[in-house]
Amino acid sequence: MRLELADYPVKEIRLGRSLRYESGRLEIDAANLEALILRDGRIREAALAVVRPGDNVRITGIRDIVEPRVKVSGNGQVFPGILGAVQSVGEGRTQRLSGMTVMATAAYEGTVRTGLGVQRSALLDLSGPGAGASKFGALLHLVLVMRLVESLSELDAHCAIQGAEMAVAQRIAQSTIGVEPAGVETYDLSSTPPELPKVVLVQGCLTDDHHVHSGVSYYGMPIRESLATVVHPNELLDGAITVNATRCIGYFPITWDWQNHPLMLGLYREHGQRLNFLGMILQRIRYETFHGKEVIAQNAAQLAATLGAEGALVTWLGSGNAFVDVMLTVRACERRGIQTVLVTYEYGGKDGIDSPLLYYVPEADAVVSTGSRDRWLELPEVERIVGPYEQMRILSYPGAPVAEARKTLTLDARDMVVGGVDNWGQESWLCTAY
Amino acid sequence: MSKELEKAGLPVAIVSAMYPVAEQVRANRIVKGVSIPHPCGDPSLPPELDARLRREIVQTALKALESEVTGPTVFSPSMAASG
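One line per chain: the protein sequences are A and B, in this order. Counted from 1, the first sequence has number 813 at position 305 by the numbering used here; the numbering is strictly sequential. Counted from 1, the second sequence has number 46 at position 24 by the numbering used here; the numbering is strictly sequential.
Take the hints with a grain of salt, since some may be wrong.
Simulated DEER-style distance windows between Cβ atoms [what the hints assert, rightly or not]:
#1 R552/A <-> S98/B: 43 to 49 Å
#2 S89/B <-> Y942/A: 39 to 45 Å
#3 C939/A <-> R48/B: 28 to 34 Å
#4 Q81/B <-> G774/A: 52 to 58 Å
#5 I902/A <-> P65/B: 15 to 21 Å
#6 D873/A <-> A30/B: 35 to 41 Å
#7 R48/B <-> V626/A: 33 to 39 Å
#8 V876/A <-> S98/B: 35 to 41 Å
#9 E45/B <-> Q810/A: 24 to 30 Å
#10 Y942/A <-> A30/B: 56 to 62 Å
#11 P68/B <-> S661/A: 30 to 36 Å
#12 P701/A <-> S89/B: 56 to 62 Å
#13 S661/A <-> Q46/B: 39 to 45 Å
These aren't lab readings, by the way, just hints derived from the structure by calculation. C-beta: ideal position from N, C-alpha, C; glycine also.
Turn these sequences into a full structure, and let the hints steer you where they fit.
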């Protein structure tokens, strides 16, 4: 499977009358895109805004973020199973608008009022400490500001928000068709020098099997209780893995993260140089019995061994008891002789003195931290809100106090900032020894 | 919580589906629970079997309370095996 990813960097976005990409400048036909969004009767209002790094702006109501891509050759289309039929993707040529995102924001109250299924949205500052707390603080954003009709179910809201963001993203990526790219990267795992070690990426995914959307989808199908499976990394590059667009939380990677999975891309960069990248094991985690956790750990390690892995990177998404499944996976891999490195965020409490991890095993002897999820963050007042919420709740329980979104906000954890938790080590970190 | 209660002089048996986590934090008397959402029973069983299971978990916990232990000790209700 060979995929060419052609790069069209975006330096400037202008809302205009035609859709055009030329030497880093993207002009967007705003009225046509708004009409495209409003074709879905579940969306009552839609507006577009452009937000740049450094703007004195806070974006509210963020539900998901995608990178605009379009397939120009090869099977299927980007976001298979959502924008089009379920067709195997990852081959041919895909074109991307890099340095920018399509960011879906939406006002949505939800029918579930508490618990793990409750709707959540995130925020992003484009200046000050909030911008530094998220990789998205350094990107250009085309923000879709949407209001949904009243009393939609969670599934309807998800489908409406996701359908709009993906249709817009694919449409604007079509502006690159026929234009010379700034560069082309080729993604191909077929050449495997025998002297190099074979390494697999094990991606644990917390999913909630009892919710209408479990949290992570493969070709548009939410992953529920299931055994681990092998996916080709090129499928991620074409958007085969997507997320629940009604629950945007810092420790749940969003669609953009799956399209740009930093560990996947890092292993690809080293493929054929320092190692042979075998592919990715997608492992559902958060089994409710210890027995279940041991079985899924053994299952992923068994798949890794069957692929011939000599090394494994294990990482995850989610929170809470799902981390037990992750640690048991590290142990199961190590016990099979597969040298294993765990990549995880830490807790540690807001002052950094609490336990960093929920559970640990002695076999986890190589762990890379991607920083603390728990550190408090003060966001200063901004000039302007972009997004559906001028007022917002910092906490999600029923009856939580409402704050002016534009004013100073104190967050006791990074969960509410999109990209606020660096799940897979996308960012550069400095370490201080105490 | 169980450690703090024991510091105050009350023996504690903790029923937990994540019993290795309870061992890791060095709780003394740990009873294997069924599952994270329902440690003390199994709603998927017929009601009469669930009642037996629940009674057995409570009896195991009482036995744990009566037992002298010197460190984290896991007590297993015989019916509570998952699978």
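Hint compliance check: list the failing hint numbers for this structure, sorted ascending. 1, 5 and 10
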